[in-house]
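Residue numbers (this note's numbering), protein chains in the order written: chain A, 1 to 247; chain F, 1 to 237.
If you're looking for bench data, these hints aren't it; they were derived computationally from the structure.
Idealized CB from N, CA, C, for every residue including glycine.
Take these hints with a grain of salt, some might be off.
[Claimed, not checked] Reference listing, derived: stretches of chain F covered by chain A, where coverage requires no fewer than 3 residues with Cβ under 8 Å from a Cβ of chain A: (1) 16-30; (2) 34-41; (3) 84-97; (4) 116-122.
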Amino acid sequence: MGVILEVKNLTKKYSGLTAVNDFSFEIHRGEFVGLIGPNGAGKTTIFNLVSGLEKPNSGSIRFDGRDITGMKSYKVVNLGIARTFQLVRSFKYMTLLDNISVSCLSPRGRKLAKEYGIDESASSILAAVGLIDKARIPPVVLPHGDLRKLQIGKALGTNPQLLLLDEPVSGLSHEEQKGITDLIKKLHDDGVTVFMTGHVLRELMHLVPRVIAMHQGKYITEGPPEEVANNKIVLEAYLGKGSEELA
Amino acid sequence: MKNLLEMRKIYHYYEKARALEEINLTIEEGVLDAVIGPNGAGKSTLLRVISGLEEPDRGKIEFLGERIDDLKAYKIAKKGIAHCPERRRLFYDMTVMENIEMGSYMLKDKKKFKYLLTFIFELFPRLKERRKQRAGTLSGGEQQMLAIARAIIANPKLLLLDEPSLGLAPKIKDKIFDAIDLIKKEGTTTLLVEQDAVLAMSVGETIHLLEEGKIEMRGTKEELEKEPRIKKVYLGI
């Protein structure tokens, strides 16, 4: 299948610190890929660059054959990339249905809603993320796991081709984690290309068929999780220098 | 040896998320023990529960035979537990010397202060050179040195060190860990929390492996080195 996202030699510097350093990778249409690396590796910065929240110093990003390097985030969304954030943000005092409706009002969302209307479209997304019975409730009263589902729902409202999920299960209980991972699996089965980060690897490494590993802004390796987990540099990044002497 | 700290069946939750589960941990006087584990395992919470920054939801903590789990942080500090927090948390607008003095707030013995200050400056000559400089202008490594200095000037019976290697270059990490080794030799009981497993195992006597709030295993460096479980806990596979 064709390449949907192509990142080449991407570099992002903040005064003195190179957060992303000459980073290249590709994601194919329909793939399910994880981006791993210890805290501070630069995972979120990659997401910020791809989703147009920040501009790279150099390098290029192509999405669906089009150059989107440095493009504003609303334009990126309109091309079909949606993302969630590590920290949950919602329209706190609007109902869940209205929260989703807002993103259904985006150009791609409208297209999707054309036939049945925004309300119906938002409802079907709420049902897909498992929150339909709470459609009339505002997010302020929801537990954290539900808020995470809502974030994914808001991203889906824009009818994305590529979904970027930044730490979708961090800070959740076991059952909540399972609810989210089941949801992500289902979305992928439905045809959405999913690219997600995680610094807690227990879930992620069993979820995705391919991971890309990074450390201190640099690309280390990529491949099936078992292979990447045994890479010497990956081990060193997680466990410290000299980790090859551990069993 | 006498037990300095005893944690019995400690549980802690952040709302519904369980951060610590049935933690049993004993620290003998004079040792340097380490807690390792990946991000989010509960390492910082473990220290915060000891120093009173969080009150455990269940369980018992005794320090020198006295219960401390229901005490406020400042009272626990008074009893002789100093917490060197993650990401340093210095007084950035104050000078190096003022930061050290803040740490000695409760130390009334002037001689002891002088002795400890000499020890600190031997440990970290850079801090002596920069004692009049504002803490915010120090490098990351120097800030970490200062955070440790601010904790040990309190003359603690128990020193809690949270991720002293965080964000530091390998060379600077080694320097900090040489100092931690010297602090131990000088006799301060220390509980070190550290993501860098190799580094922590190089100095710790008993090493506790924490995964999702539970102590999965513990042992000496030699015992743990043979354990494939560590990699599994860190890499999830």
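Structure-based check of each hint:
A count of 3 residues in the region 16-30 of chain F with a Cβ less than 8 Å from any Cβ of chain A is obtained; the coverage claim is therefore met, three being the minimum. Under the rule that three or more residues need a Cβ within less than 8 Å of chain A, the assignment of the region 34-41 of chain F holds, with 3 such residues. Note: the region 84-97 of chain F has 0 residues with beta-carbon separation from chain A under 8 Å; the three-residue rule is not met and the coverage is violated. Residues of the region 116-122 of chain F with a Cβ under 8 Å from some Cβ of chain A number 0, which does not satisfy the need for three, so the listed coverage is violated.
This entry does not satisfy hints 3, 4, going by the numbered hints stated previously.
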